[in-house]
Structures are given as C-alpha cells and as structure tokens.
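Number of protein chains: 2
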Amino acid sequence: MAWIEPEVTRKPKKPMFLCVLSNTKTAHIPKLSAAGKTAELTDYTPAGDAELMDTGNIISVPVLPMTPPYDTPTPAIMTRSALKLTDAPYHFINSGLIVTPGVPCIDLRAKPGEDIREPIAVRDVQGIYERAKFLAKRLRNQVDHVVIGESIPGGTTTAMGVLMALGYDGNVSSSADENPLELKKKVVEEGMKASGLTFGCLKEEPLKAIACMGDPMMPAVVGLAAGFQGTDIEVVLAGGTQMAAVYALIKHMGFNTEKISIATTRYVVEDKSANFNEITKSLGASVYVADPGFGKSSLKGLHRYETGTIKEGAGAGGAMYLAGLFGITQDEFRAEVEEVCKLLKAGH
Amino acid sequence: MAWIEPEVTRKPKKPMFLCVLSNTKTAHIPKLSAAGKTAELTDYTPAGDAELMDTGNIISVPVLPMTPPYDTPTPAIMTRSALKLTDAPYHFINSGLIVTPGVPCIDLRAKPGEDIREPIAVRDVQGIYERAKFLAKRLRNQVDHVVIGESIPGGTTTAMGVLMALGYDGNVSSSADENPLELKKKVVEEGMKASGLTFGCLKEEPLKAIACMGDPMMPAVVGLAAGFQGTDIEVVLAGGTQMAAVYALIKHMGFNTEKISIATTRYVVEDKSANFNEITKSLGASVYVADPGFGKSSLKGLHRYETGTIKEGAGAGGAMYLAGLFGITQDEFRAEVEEVCKLLKAGH
Numbered sequence: 260m261a262w263i264e265p266e267v268t269r270k271p272k273k274p275m276f277l278c279v280l281s282n283t284k285t286a287h288i289p290k291l292s293a294a295g296k297t298a299e300l301t302d303y304t305p306a307g308d309a310e311l312m313d314t315g316n317i318i319s320v321p322v323l324p325m326t327p328p329y330d331t332p333t334p335a336i337m338t339r340s341a342l343k344l345t346d347a348p349y350h351f352i353n354s355g356l357i358v359t360p361g362v363p364c365i366d367l368r369a370k371p372g373e374d375i376r377e378p379i380a381v382r383d384v385q386g387i388y389e390r391a392k393f394l395a396k397r398l399r400n401q402v403d404h405v406v407i408g409e410s411i412p413g414g415t416t417t418a419m420g421v422l423m424a425l426g427y428d429g430n431v432s433s434s435a436d437e438n439p440l441e442l443k444k445k446v447v448e449e450g451m452k453a454s455g456l457t458f459g460c461l462k463e464e465p466l467k468a469i470a471c472m473g474d475p476m477m478p479a480v481v482g483l484a485a486g487f488q489g490t491d492i493e494v495v496l497a498g499g500t501q502m503a504a505v506y507a508l509i510k511h512m513g514f515n516t517e518k519i520s521i522a523t524t525r526y527v528v529e530d531k532s533a534n535f536n537e538i539t540k541s542l543g544a545s546v547y548v549a550d551p552g553f554g555k556s557s558l559k560g561l562h563r564y565e566t567g568t569i570k571e572g573a574g575a576g577g578a579m580y581l582a583g584l585f586g587i588t589q590d591e592f593r594a595e596v597e598e599v600c601k602l603l604k605a606g607h
Numbered sequence: 260m261a262w263i264e265p266e267v268t269r270k271p272k273k274p275m276f277l278c279v280l281s282n283t284k285t286a287h288i289p290k291l292s293a294a295g296k297t298a299e300l301t302d303y304t305p306a307g308d309a310e311l312m313d314t315g316n317i318i319s320v321p322v323l324p325m326t327p328p329y330d331t332p333t334p335a336i337m338t339r340s341a342l343k344l345t346d347a348p349y350h351f352i353n354s355g356l357i358v359t360p361g362v363p364c365i366d367l368r369a370k371p372g373e374d375i376r377e378p379i380a381v382r383d384v385q386g387i388y389e390r391a392k393f394l395a396k397r398l399r400n401q402v403d404h405v406v407i408g409e410s411i412p413g414g415t416t417t418a419m420g421v422l423m424a425l426g427y428d429g430n431v432s433s434s435a436d437e438n439p440l441e442l443k444k445k446v447v448e449e450g451m452k453a454s455g456l457t458f459g460c461l462k463e464e465p466l467k468a469i470a471c472m473g474d475p476m477m478p479a480v481v482g483l484a485a486g487f488q489g490t491d492i493e494v495v496l497a498g499g500t501q502m503a504a505v506y507a508l509i510k511h512m513g514f515n516t517e518k519i520s521i522a523t524t525r526y527v528v529e530d531k532s533a534n535f536n537e538i539t540k541s542l543g544a545s546v547y548v549a550d551p552g553f554g555k556s557s558l559k560g561l562h563r564y565e566t567g568t569i570k571e572g573a574g575a576g577g578a579m580y581l582a583g584l585f586g587i588t589q590d591e592f593r594a595e596v597e598e599v600c601k602l603l604k605a606g607h
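If you read the protein sequences in the order shown, they are chains U and A. In case it helps, this note's numbering puts the first sequence at residues 260 to 607. In case it helps, this note's numbering puts the second sequence at residues 260 to 607.
The following block holds chain U by itself, in its conformation from the complex (with noise of 0.2 Å):
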C-alpha cells in the first residue's frame, strides 16, 4: 500500500500536534494493557511517552515505555520522528495523570480515571470538557490543521466500554502480541453493571457514558473538538479504535463532523481481532491510513511492529500523516526513526 492512504498532498499552514496524556486505573487490572512493562509500570507510560516525544529520551520516568515480551519500543517515537521532520509545533495536555512529565503540560485539572468496574470511571467531565473547549477556542488563531493524539494504557478497555454504551459493538485493538479481547470484554461488562447500564442505553448522554464507562482523555478530546466548532480548522483524531470511540462521541454530541477525521496506523487497520474498520464504516469516518514501512527496516525492533506486537499509540499515525502531509517520503521516515532509535540506545 501507499505511505498515507488516501494520499495527502496540500501543506497546511499552521498545523499544530496535541498529545493528551491520562492514566486510567482500569490499566491497573492484571494482564489487560501492555503499554508497560507491568501494570503498574503503565502509569510511567504517558509520561515518558511526552519525555521521548519532546526530548528524544526519558528524562524523569524511571524506564522507557515498552512492551513485553520483546521489549517493542513505545510507538512516541514515530511521533518523534515526525515531529522532527516536519518541525510542527505541538504541546502536551495532562487530562489526568498519575505521574506527570518532566516537560511541561497543558493542564486540565482532570484527576485520574478509576477502573471501570467502578461506579464513576471519571470524574468531573463537563469541567474537563469545559477547560479543553476553551483551549482550543484559544488556540483557533494559531492553527489551521489539529492532529490530536493520546497517551492512556488500558484505553482501549475504555474505548471498548464506551462504545458498548453508546451502542457499537467494540471489539477494539490492543498494543499486545495476543489482543487479551475475552479479558477486556469481561471487566466491560463488570463495568456496565456497576453502572447499572445496558447496550446502547448512553447513546443520547455521550458525556454521561464517559463518566460511567470512559476515562480522563475522552473528554478532553471531545472539548477539543467542541473548541474547534464552527470554524475552518481541520481536526485530525489520531489514534486507533480510542479514537473511533471519541468520533463517536463527537458524533453523539451532535457536532458537524465534516472537519473531522481519523488517522491510524496500517496496524490498526489490519488487526483482524479488531472491528475499527466496522466502527468507522457505520460512523460516516473519514480514515487517513499510514504505513510506516518498518518490514524494509534494518532495526528489528520496527519488524515487531509489523508482526502486530504494537499498533499505534501517541498519536503515531496521525504524526505519519501530519509527515505526509509535509512531503516527507516513507523512506525518509523510516531512516528518522531508525535515528531516533539509535539515539535513544546511546542514552541507555
């Protein structure tokens, strides 16, 4: 297939990247996220993602986002290598996490998500919402293309949970060698009983199914878009079956969706055990496709990624996008995150 499918030509003139950064305590259950080491280890997940994303390294987190059992790198450094190569401007927004960067953040004053198996999954949504509408009203004049990305283990657990409440079948994708779906499927359920909720039941309280069955991220992403109502901008979700997840409830809200689009990776878009393409068909979602190519790659810790060991995450096809839509060639990018890579050994 092509590097961004469909092709991206015209070069926007004041593109701007976000990465929203949560934690949600549903990552918490054993064996259900393996953006980590352990699941303990994936609170440290999104921090270091937004370290390596600004700096190249890990800064204060104590290890390198990877994941078992080969060690895969964090898809960030995609992210990194496109904003690299594109010298985009960009900015990390903290919608609740439980360990925060050593590079700033936006804040939104959100506090953690709880597992889902909980009563509230997340507190405070309309405030989340509200704090990131008014960002992104105050970054109208700076913007004129939005990639949005995310940084959260354990959400596509979330996603699966609210898109079971809004009424779509969710079998999402996963950042593991074996999609652990049985598991996943099973606290959503724990979930939607401890909510007192049943299929589809949410499908007019979009808000509502975040604070029942979603996490910290969602909100902010959707007060984003809410921001970006009404006017020219380009809004670019990136991410895989999370981000389906938060069209749909863009969607649900009621918005104009014509500005909005998904960008994934081919990895998402290729996962068999995942229903994305299904969710984005019913959903009228424009889908920009990239394929990083990492099957030509001398690392063999990029051939993982082909192997579906990881998908996407950190907004990585939507940063391969924002690349393509700069002119970058797949070859160029590949040779970025080889480097990208090399540098990161040299600092371990």
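These are calculated hints, taken from the structure and not from any lab test. Note that the structure is a prediction, hence the values are computed from the model and not measured. Do not take every clue at face value.
The list treats identical chains as interchangeable, and a pair is accepted whether it falls inside one copy or across any two copies.
Claimed, not checked - Derived pair list, reagent style DSBU-like, types lysine-lysine, alpha-carbon separation capped at 30 Å:
#1 Lys467 / Lys343
#2 Lys396 / Lys601
#3 Lys445 / Lys559
#4 Lys270 / Lys396
Take the given structure of chain U and dock chain A to it, following the hints.
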C-alpha cells in the same frame, strides 16, 4: 508623550504573549501587597487575572481582582484588550499557583513560593528553570516575538529581595496608592538575615538569589529566556520593577541580552518612590513605555491609573507594546479597554 515610546512599527509575523502566574506566601504579610482586597484574597489574583484575560470575566474565582480602597480593576483588563485587538496567540504558565484558574495553563510543576523571611523562598529553582527552558525550546518554531508578563501578588517585594542579593538598590514599585516601601524593606532585611545574605553577595549565583529571596515566577521567566538564547527571537519582559529584577537575573546568568528588552507602563516609569529607571539604566536594558491615555477616559475606574493607584501587572505594558506593534492606536486601545470594563460590570 507618545502612546508607545520609543515608537514601534514592525508587525511581528509570529508573536506570542505568555503570562507566568505564581503565588508567594510573602503576599500574606498584612498590608504588603495591594493586588487583592485582603492579603488572603491575593491568592486568587493570578487565577482571576488569567480567567479575565482568556474569557473577559472571572469564571471560577470568587472575586474579581481589585485594588482597594477604590476597587480599581486589575491591569489584566488592559492585557485582555490588547490580546483581543491583536488576536495574538497566548498561553498562561502555572509556576507555583496556590489557586489554579478555570482556564488551562501550561504547568511547570512548581510549588508556591514561601515567605522570603523563611530560609528557602523558592524550592526546586533548577527544576522550574529547566522545565521553562524545555517549553521555550518547544515554542521556538512558533514565535519570532515573545512578550512575557507575570501575575504574582507580593512580587515587588521578592523583586526587591533579589535585587538586593544581586547588589542593586531595589526601591520597588507597588500596586498600592501609598507604596508600603518601609514595610517591604523591613521584610527584605529579615529575609536576607534568615538566609544569611549580605548586599550583593549572590551576584555570581542568580539562581541561589531566587531560592533565598525570590518567587517562583522568576525561574520560569529566566528559564524561558534561556530557551530562546541563540535564536533571533525577540523577548520582551512585560512588567515594572519585577521584570527589572528578572532582567538583572538574566544578565547575571551571563546570557546574551541583545534580543531582550522590557516593556512597561508610563505609571511605573513615573513612580517617584521606585527606582525602575535607575536599575534598568545601570543594567543597560532597552525599555519600551506604553501610555494607555486613561486621562481621556469616561470611566472613573480608569482614572485611578492616572493617579497612581495601580501601575502595572499581568503584562499590561507589554501587551500594549504588542498592540503598538500591530498598529493599534492609543484611542482604539482605550475604547477597547472601556468595552472590556463594561462587559465586566454586566457580568457581575
């Protein structure tokens, strides 16, 4: 005098206004700070200023920042007006707030400053400095002209403290009708004693001067300046004696100050109780002076500025300088300030 002196004409291509928001417990000393109705209410002033600058009103703090005895509105009304007229991008930076605003801030993970009569006035100066430097590096490709303001009650006393530690006679300005200069001097003397300092003894250690006698706004602004070093980016410190102290810190850090200047209001420059002019002259700092021309205003609250009740704050002078760069006239500016004041009244 002219509206902006010396006259400014070139319109910057990529301007940005940053406002560093901080608190220091030094402001809790009775009668020291006038940036709030009571010493305790000054805790809300930076948060209220940010909300007002961003939205035109307060949204979460209990009271509008006012200065007794005439309830003169905060200089943030001037900053709000300039931001509206120029449509310049802006961000708020939380560097040690006690009360955080309901609008998003970039967080430097700083703790509020202690009373300078304690042995340590600011904790983790190096960390705040480094994070601010990261932020400036990230912003480098977004800006060619950065105006940096501050909002920190009690900040003129900490400015005096730092100036003394660096070896400058720091008779500072005030946002009070009668400058409580004797009280400030006494507090600074006690602070010097508590930290075992003598006049000028820290001229080689500016970051230590902040730690002993300063406030958390200072390492943030010095760190930002550090991150813009070696670029063509113009850095304008927006404030009176407080920014003169920051300029001194930057100079004592050994930084190149060719691209760094100060912008303030006429009220600071004409304040006979303070020696802003002497300090900036001895530092060799370029100073821009803005005159909002409030004498011509129909609103009585604005006349208070003419009689010296309030002089500067929330980067008001620098925001006016920015308006000047954009070709906004004094009359247009005053009309907008009046509009902002009317909407404020309507909202309460």
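Worksheet entry | Same-copy or cross-copy closeness of Lys445 to Lys559 [CA-CA at most 30 Å] | neither (34 Å within a copy, 66 Å between copies)
Discussion item. My question is about Lys396 and Lys601: at a cut-off of 30 Å on alpha-carbon distance, are they close within one copy, between copies, both, or neither?
Written reply: between (39 Å within a copy, 22 Å between copies)
Discussion item. One pair to classify: Lys467 and Lys343, alpha carbons no more than 30 Å apart. Within, between, both, or neither?
Written reply: Answer is neither; intra-copy 38 Å and inter-copy 35 Å both fail.
Worksheet item: 30 Å Cα cut-off: does Lys270 pair with Lys396 within a copy, between copies, both or neither?
Response: both (23 Å within a copy, 23 Å between copies)
In terms of the numbered hints stated before, the structure departs from hints 1, 3, listed from lowest to highest.
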